[in-house]
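Enquirer: For reference, the chains in residue letters:
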Amino acid sequence: MATTTVKPETLVGKRIRRREDPRLITGTATYVDDIKMPGMHHACIVRSPQAAARIKGLNIKPALDRPGVVAVFTGEDVKDVPSVPCVAQLPGLRQPHHHVLAQDRVYFVGHPVAVVVATDRYIAADAADAVEVDYEELPAVADPEKALAAGAPAIHPQWPDNTAFTFHQEGGDVEKAFREADVIVKQRITSQRLVPNAMETRGVVADWRAAERSLTLYSSSQAPHLLRSLLASIFGIPENRLRVVAPEVGGGFGSKIDIYAEDMLMTFVSQRINKPVKWVESRRENFLCTIHGRGHVDYYELAAKRDGTMLGLKLKIIQDLGAYLQLLTPAIPTLSVLMMPGLYKFKNISADVIGAFTNCVPTDAYRGAGRPEATHGIERMVDILAAELKMDPAELRLKNFPAPDEFPFATATGLAYDSGNYALPLKTALDEVGYADLRREQKQGREQGKLLGIGMSAYGEICAFGPTPATPTGGWESATVKIEPSGKVTIMTGASPHGQGEETTFAQIAADELGVDIDDVVVLHGDTSLVQYGIGTFGSRGTAIGGTALYYALQELKSKIKKFGATLLESDEVSLVGGSVVHEASGKSVSFSKIAAEAYRPMKLPPNTQPGLVATHFWEPPNFTFPFGAHVVVTEVDRDTGQIAIRRYVAVDDCGKLINPLIVSGQVHGGVAQGLGQALWEQAVYDDNGQLLTGEFTDYAIPRAHMMPWIESSHTETPSPVNPLGVKGVGEAGTIGCSPAVVNSVVDALSHLGVRHLDMPLTPEKIWKLIQAGGRA
Amino acid sequence: MIPQEFEYSAPGTLQEALQLIAGGERKVLAGGMSLIPMMKLRLAAPEHVVDLGRVPGLNYITESGGTIRIGATTTHHEIEMAPLVRGRCPLLAEAASRIGDIQVRNRGTIGGSIAHADPAADYPASLLALEGQVRLVSANSDRTVAASDFFLDPFTTAIEPGEIVSEIVLPAEEGSEGYRYEKLAHPASGFAVVGVAARIKKTGGKISFARIGVTGMAAHAFRALNAEKLLEGGATIDEAVATIGEGEEANSDLYASADYRQHLARVHARRAISVALTRAT
Amino acid sequence: MKQKISITINGKLRSDEVEPRLLLIHYLREVVGLTGPHIGCETSTCGACTVMLDGKAIKSCTIFAIQASGREVLTIEGLAVNGHLDPLQEAFWNEHALQCGFCTPGMILTAKQLLQDNPSPTEEEIRKGLEGNICRCTGYQHIVNAVKSAAAKAGA
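Residue numbers (the numbering used here), protein chains in the order written: chain A, 1 to 777; chain B, 1 to 281; chain C, 1 to 156.
Among these hints, one or two may not hold up.
[What the hints assert, rightly or not] Beta-carbon label-pair distances, calculated as ranges:
no. : chain 1 : residue 1 : chain 2 : residue 2 : range
1   : B       : Arg42     : A       : Glu9      : 55 to 63 Å
2   : A       : Lys769    : B       : Gly204    : 18 to 26 Å
3   : C       : Asn118    : A       : Arg639    : 29 to 37 Å
4   : C       : Glu123    : A       : Asp688    : 57 to 65 Å
[Unchecked claim] With a cut-off of at most 25 Å between alpha-carbon atoms, the simulated BS3-like pairs for lysine-lysine come out as follows:
no. : chain 1 : residue 1 : chain 2 : residue 2
5   : A       : Lys14     : C       : Lys153
6   : A       : Lys36     : C       : Lys153
7   : C       : Lys2      : A       : Lys36
8   : C       : Lys153    : B       : Lys27
None of these hints come from the bench; they were simulated from the model.
All figures in this text were calculated on a predicted structure; none of them were measured in a lab.
We put the CB at the ideal spot given by N, CA and C, even for glycine.
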């Protein structure tokens with residue numbers, strides 16, 4: 001028997017460069033648009049230029065007559081195809097039938113009206129231009145508050161009040177809290193519509209094989225199994241004859257959880273032409289037709305005692321839904337309700353959500369999905385309260401946090417916060433930034449007319465979605481681990497990462513647990529024919545749930561390895577050291593690779609043991625996880641122009657245990673960039689006719705390298721008790737913590753002028769006008 | 001994403017190019033940084049494109065007797081990097097360095113940019129402040145137009161049918177003069193919300209010469225003549241810039257209303273003049 | 001009407017008959033079969049399609065293939081020499097300068113010219129130099145680190 005070699009160090013917790021990168025830095029990764037198939041056709045979609053109109057006439061003949069065009073389909077062809085699905089359900093929810101091509105009406109700019117199929121994408125584009133559509137324009141409404149107003153045009157004629165649902169939740173006794181309050185502050189706070197803008201737009205290749213009655217669908221998806229189940233039920237294709245592949249996915253940020261009209265339309269087209277067909281979204285289409293995020297108008301009232309003790313919060317959310325309900329659309333504002341108390345102890349809340357239809361593309365989950373809106377709201381309200389009470393905003397926050405020994409902490413909204421030390425990141429960030437010195441500098445600077453702001457947010461988030469009863473898609477995740485006869489390890493995860501780095505973090509976990517070289521581990525994902533059923537990557541769940549499923553699958557294998565080792569060593573008195581089995585009394589051991597080989601050609605099987613080393617685990621989490629942290633932002637406002645410069649950005653995040661700090665910091669930076677985008681630049685602006693005015697990168701300002709500050713990022717590590725890895729999730733943290741800290745900072749810079757609140761984005765003209773008006777606006 | 005079909009010619013001589021252009025509806029393609037995106041979005045659908053990319057003798061930067069000549073197909077990056085421009089006409093090099101991004105500057109040409117005459121383009125402010133000239137040639141004409149007579153309206157210039165821009169003619173800046181191109185870039189498009197080019201000469205510590213070009217603010221770039229006169233007459237910078245934009249109708253968009261834009265032009269003019277002043281010796 | 005073009009792509013000369021309207025990015029992806037240059041927009045903004053033309057970074061979505069005839073194109077696929085990664089590729093890998101990877105080929109090639117023009121750029125110069133490339137994942141900080149690190153290595 002060989003001597004055991006124990007790996008000198010563990011990999012979990014180390015900054016390890018990613019294993020997915022070689023294909024990405026050499027341009028050899030395969031995204032949907034890189035897929036080519038024999039006989040593949042190309043689709044181009046004719047879309048409505050009107051936000052609300054009746055289709056009076058549709059002439060496809062000029063398109064059909066063009067050489068190379070094989071088919072043109074219109075609403076009539078797909079009228080029996082079921083609705084684009086929404087799986088989120090609320091009592092009394094009004095769900096319009098979302099046809100994959102418009103029937104007699106269009107409801108938003110970009111609404112698909114016809115699809116042209118041709119042998120080449122250039123021919124398809126020319127033919128799509130040749131389709132003649134005669135629209136009778138109808139009055140449109142693009143603003144949710146205007147949509148709810150009396151006399152507004154009905155978006156769906158059957159529901160003239162434009163209300164898809166109302167939702168009410170309360171906890172404690174909010175009326176009593178307000179009666180007992182010394183101070184009540186109120187504010188209307190908006191969270192503007194944003195466009196997720198993954199750099200890879202959506203794309204679909206559908207390949208129907210009539211003889212096999214089977215469909216293979218390549219789609220740039222965050223949740224391929226979900227897409228498969230929904231497509232199977234919509235088209236009546238048996239699930240075992242439907243393969244969905246999410247190949248390399250170029251970012252999603254929530255926008256690729258959905259099943260879209262185009263996934264269904266390409267399935268339909270491939271079935272009709274009996275050929276593979278590809279559709280790749282243009283950026284313009286991505287702006288117009290892929291879900292948007294946010295879209296809140298919120299009315300807040302916060303009640304407190306004079307000493308700063310917060311007592312209760314009332315919230316009314318008007319959610320801009322758009323014209324249809326996508327996969328999770330109505331559920332998103334309910335997440336805002338769950339998160340509305342933020343990190344604070346008060347136990348009295350009431351919330352009302354009104355879901356308003358508008359003639360816009362639907363909203364749905366975008367990085368943070370409901371939690372950024374809630375965090376922005378409560379963190380703004382805390383600052384407004386601090387100003388009212390003339391208290392330091394940091395002091396006010398610290399006063400209202402639950403103490404570390406109060407966890408699990410039951411919130412007013414019915415959650416149980418898992419673990420936390422909320423004061424620690426805030427104090428750390430304030431120390432890091434030099435808070436007291438900055439306050440002095442601010443005071444002195446004001447005398448010279450300088451506008452310096454110090455803003456903070458203390459955020460919490462609900463992550464690791466989530467227990468199944470609370471997650472419309474299902475909340476568990478799965479992992480299969482196969483130890484091959486050669487000792488190589490293959491992991492198949494049901495989570496479908498697309499940039500988050502699980503090919504690396506999962507390999508780190510497995511390498512540590514099995515004591516193998518990380519180069520001997522491969523992580524596969526995204527192909528429903530290869531990977532056992534899974535849920536997907538969203539809601540900061542990949543590692544916290546998918547990683548935990550992996551952890552338990554590895555434990556099952558380890559106990560089997562031990563059995564094989566015991567049999568080989570002919571003793572029950574053995575222990576596992578990494579992946580090797582050691583008989584300590586004799587010093588004899590049997591290596592991992594030997595056991596791997598033995599498992600597939602056992603001379604003697606351990607009792608009650610099957611050959612082979614494969615384990616699958618489906619892990620259902622008992623609770624969400626609740627990451628938290630604090631961001632502190634120092635801004636300087638240019639009095640002459642209203643331009644905002646960020647002098648310091650300090651982020652202290654607690655996402656539980658860190659598996660790979662290099663990857664975690666990347667998640668934080670990217671999250672902050674999207675939060676900063678919302679705070680300062682990004683907005684989907686529709687005019688009164690429902691035309692999207694910021695519908696290209698030349699109008700919609702995505703943060704570029706030169707617009708980003710240096711982010712000083714560090715972590716506190718409070719393990720989550722919810723899973724054995726102690727991880728909480730980090731994908732959305734940066735976004736959630738960022739926008740309130742930035743806005744609080746700019747409001748702080750202008751507070752001596754009487755400014756109490758600013759809505760995002762903080763465009764320079766808005767700031768300049770306020771300064772011109774002496775702050776009173 | 002996909003342009004409509006068109007006929008394509010890539011003439012090998014200037015004469016051939018001018019003959020082609022004289023032959024009817026032709027769209028001239030230089031760097032393509034404005035034309036190709038418009039064609040991809042099908043906002044432009046020319047039937048016949050004449051590509052100047054293979055015409056020899058249009059890409060040059062020369063100086064003789066204090067006059068700098070820049071061939072029409074010289075790229076922004078070539079202008080930005082050229083020691084001759086940096087040394088003898090640094091205002092233009094500074095303006096060129098602020099255009100778009102490096103990929104755009106590698107393809108985009110000075111002739112193409114000014115012929116396109118986007119009201120938010122960068123060069124016009126400098127060309128005006130430099131009192132430059134634009135040489136226009138056709139199959140049977142060759143004339144030179146002052147920059148101040150060249151930019152007429154948004155996307156409208158003094159170019160007549162059959163003409164192309166062949167070169168830009170600029171006086172070399174004097175070593176003692178100060179210069180600055182001050183730009184507020186739109187956060188999405190990178191175009192100038194406003195851009196102000198300033199040239200300042202000092203005599204005995206006082207401003208003796210001022211040239212100020214403003215782009216982005218109005219329908220076309222303009223010279224701030226009143227501000228120049230006031231500066232030369234001893235007024236303060238604040239007094240001078242307060243006249244900028246008077247009589248001009250300011251552009252308005254989502255990012256900047258007309259009032260704000262005019263204000264920004266003045267702020268950036270003040271900044272441009274201040275920097276130019278410190279650079280002047 | 002199709003016209004003949006000849007382009008040297010990653011060191012190999014090839015000739016094809018193309019429509020004049022065929023964009024270089026579509027030529028590289030659909031005709032040549034490369035997958036490194038990506039399409040992220042149609043307004044010449046995002047930089048995902050960046051390749052090098054005669055040694056300079058350009059957006060291959062904003063040039064017709066026919067305009068590149070007779071010239072040399074370098075894509076990300078041609079950057080590694082004899083299987084050895086370019087120092088920028090190596091630095092992007094080491095510094096975790098990519099997540100979804102979609103913008104990465106363009107980002108690396110733009111950074112290549114940045115370092116050609118300015119071998120030891122400051123953080124501000126790096127950020128400014130990359131303004132024509134949008135990344136939605138990283139917040140750019142690790143990209144800045146990668147370019148710095150590649151510059152430091154080249155200067156060492």
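Enquirer: Hints the structure violates: just list their numbers, smallest first.
Expert: 2, 4, 6 and 8
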